[in-house]
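Asks: Sequence:
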Amino acid sequence: MREMDNVVIDSSVLLSYKEGDLSAKKLIHDAIDESIVISVSAYSLFVLSKSNSFDRKSEIGFLSLLKFINSISLTVDMAMKAGYFYRSASLDTNPYGQVDLFNLSDPNLDLIEDSVTCALAQNMGCPVISTRNNLLKDIDIEWIMLEEL
2 MREMDNVVID
12 SSVLLSYKEG
22 DLSAKKLIHD
32 AIDESIVISV
42 SAYSLFVLSK
52 SNSFDRKSEI
62 GFLSLLKFIN
72 SISLTVDMAM
82 KAGYFYRSAS
92 LDTNPYGQVD
102 LFNLSDPNLD
112 LIEDSVTCAL
122 AQNMGCPVIS
132 TRNNLLKDID
142 IEWIMLEEL
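Position 13 of the sequence shown, counting from 1, maps to 14 under our numbering, and the rest follow consecutively.
Calculated directly from the structure, the hints in this document are not laboratory data.
Hints should not be assumed to be uniformly reliable.
Claimed, not checked - Only pairs whose alpha carbons sit at most 30 Å apart, straight line, appear in this in silico DSS-like list of lysine-lysine:
1) Lys138 to Lys51
2) Lys26 to Lys58
3) Lys82 to Lys58
4) Lys26 to Lys68
5) Lys68 to Lys27
6) Lys51 to Lys68
7) Lys26 to Lys138
8) Lys82 to Lys138
What the hints assert, rightly or not - Quick list of simulated restraints, FRET-style, between CB atoms:
9) Asn7 to Asn134: 19 to 29 Å
10) Lys27 to Lys68: 13 to 23 Å
11) Lys58 to Tyr85: 18 to 28 Å
All figures in this text were calculated on a predicted structure; none of them were measured in a lab.
All C-beta atoms in this analysis are idealised placements derived from N, C-alpha and C, irrespective of residue type, glycine included.
Throw the hints in and build the complete structure from the sequences for me.
Replies: Encoded structure:
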């Protein structure tokens, strides 16, 4: 595993953990062992909890797990930065650049989460770990695929 002290993850890593992915399990267990500090945005937790595979049993399990992961709420600065990232990346498909974080029919839900995650990572000065490719192409944030760990 790469040497990292502090990382931001998105909902895809937590879903992979739930599905039994070994890399996700190792990463989360490293946080439990305090070998690494993992942070996740409150928005990524919303994305996780609205997924079809998330039930009451999952909720109880993740509430215990989240004691070892920092949950970060959006500050005004991070929200504005995330909106800027989203607007910059979506001008071709969304000419008004409007973001509706809770519109479940939005075709750009991954882009919204990537924008929030990148804003958080930039604010914290650390890389992002995800199972998805970063949809933000011109952002100077280190984006690490989970399987690369």
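Asks: Hints broken by the structure, by number, lowest first?
Replies: 3, 11
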